[in-house]
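What follows is the residue order along each chain.
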Amino acid sequence: MPKNSKSKNDNEGKRDFLIISTYAMAGIGAASVAWPLIDQMNPAADTLALASTEVDLSSLEEGQAITVTWRGKPVFVRHRTPEEIKQAKEVSLDEMRHPETDEERVPNEKFIVLVGVCTHLGCVPLGQKSGDVKGQYGGWFCPCHGSHYDHSGRIRKGPAPTNLEVPSYKFLSDNIIKIG
Amino acid sequence: MSKSKFKNPVVKWIDHRLPVFSFMDHELNHYPTPKNLNYFWNFGSLAGFALVTMIITGIVLSMNYTAHVDYAFDSVERIMRDVNHGWLIRYIHMNGASFFFIVVYIHIFRGLYYGSYKAPRELLWILGVLILLLMMATAFMGYVLPWGQMSFWGATVITNLFSAIPLVGESIVTWLWGGFSVDNSTLNRFFSLHFVLPFVIVGVVILHLIALHRFGSNNPIGIDVKGTQDTVPFSPYYTIKDLFGLSVFLSFFAAAVFFFPNFMGHPDNYIEANPMVTPAHIVPEWYFLPFYAILRAIPDKLGGVLFMFGAIAVLFILPWLDRSPVRSSQFRPIFKIFFWILLFDCILLGYLGAMPAEGIYVILSRIATAYYFFHFLILFPLLPYIEKTKPLPISISEPILGGGSAASAFAMREKK
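Protein sequence lines, in the order shown, are assigned to chains V and L. If you read the first sequence in our numbering, its first letter stands for residue 1, the second for the next number, and so on. If you read the second sequence in our numbering, its first letter stands for residue 1001, the second for the next number, and so on.
Chain V with its partners taken away, still in its complex shape:
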């Protein structure tokens, strides 16, 4: 009965199609139910709304530094001395793990702005206060595992893989910056 066996094959094809499309729909359904449950752990709208910080630099004297909070993390702002700027600019990039020029990192050479989180394992480096240990290169020193950063926040010695991160920021006027 060739006619019968052909219709049997057709039915099997139809059945496979139905089974596969049923499972596919069930999979899409399960994924769309799971997504809201996963996505609720991402930053909420009010958390994202707090993602920028304005800082007034007018009272920051030469050689002083302040630490502000941005997205729950410390941001270092330092008014560098001419001596520090000179050192940061003149050093050879050859001896660096993560070569970047000072100009790339600091648009306004007087004020350096850095995310104050060590790129090794997330500790906050020392160097903001006048009495702090500043490391061999005079910038910042991470006490957790001994990373040394220079006046441009570049990694010079120790386990940290990259330079201190520069957040995105811009000068709203001569003395006010907006981070984020």
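Hints in this document: simulated from the structure, not taken from any laboratory. Note that beta-carbon positions come from the ideal geometry of N, C-alpha and C, so glycine has one too. Hints may be right or wrong, so weigh each one.
Using C-beta positions, here's what the derived DEER-type ranges look like [to be verified]: (1) L:A1357 to V:T53: 26 to 34 Å; (2) V:A31 to L:N1038: 48 to 56 Å; (3) V:W35 to L:K1012: 29 to 37 Å; (4) V:A30 to L:M1063: 15 to 23 Å.
Start from chain V and add chain L according to the hints.
Just chain L now, kept in the frame of chain V:
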């Protein structure tokens, strides 16, 4: 191991050492189930689905909730406005509670109609009543967490029920509150208990299922399964039927979540709790209304509390109150009439619980309360002496196939 029914070598290896696959195969696949179950038997699995939905959405909500009187209300509003998909998750949890009770109440009335509580399923029934009690405690404490006006005053009224206990009542209430009014300590312990009780419910549900699988499901005819000709394997017959029922349930559930999310709630709960002002008309959530009506029907503080808890206590001893050996209402003409009266009585009590406690509503509440207890305590034990039951079929197959024998079942199949 050579006789293993599993082809997959990994499954085979695990099953030989830890027979979970054999267990699932036995209890969910081959599990013999009466072949005449109607759609009222869908509500057990639907209740299980509702429980899992509540636990998953609840865990997710707790990640965004702050259990403190100063922050609780705002944290819930934050979930509604700022947390990604927070509105959806909270509306599912909120309406999920109502749908859980709808499903469980239908499940209970199914059991009453078809006599599912009778021997040998007494413990199955008692565990079910225990689940209902745990659900009520969990739902009540969950309703307190958003810290709205209804939360606060609901918590105050319900915890004050315990002050009706002679001598130690006041001390017990102070202990429940952890202070001298419903306050931060109360909110914290309610959050803790609201989180943990659902897992206790899961434990009792597992016992409920073990008890169910001991003798298998009851069925609309209420007579015992006589052999394999009266059953079909659970899978695929009832897995598919349960899934179809689930899709119908989900249609209603989604309609509520997306189009009427606050229909079963109370607008006053969107006003932050204020211990200085009680709302003019406080009512519990709809699923407590029949019990609330019983509480208010009794003109005595302790009496009201006792009758309210008594309304659930009678369910625990139901298997021994109903002396009739016939399970299903289909063969009990008088019982069947009174079943519908009881259902009407419970709906009436629910309506009366939502009405103000004055005038005709009080009188009707008393009549309805009196009937409720008459039904369980007097009618159930006496009915078997009065009622003439209809003759029972010989087997489950008989009313379906006429002949009632396994042979005729096969004959039918052969013709196709």
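Results of checking the hints against the structure:
1. L:A1357 to V:T53: 26 to 34 Å: violated (57 Å)
2. V:A31 to L:N1038: 48 to 56 Å: violated (34 Å)
3. V:W35 to L:K1012: 29 to 37 Å: holds (35 Å)
4. V:A30 to L:M1063: 15 to 23 Å: At 21 Å between Cβs, range holds.
Hint compliance for this structure: hints 1, 2 are broken, all remaining hints hold.
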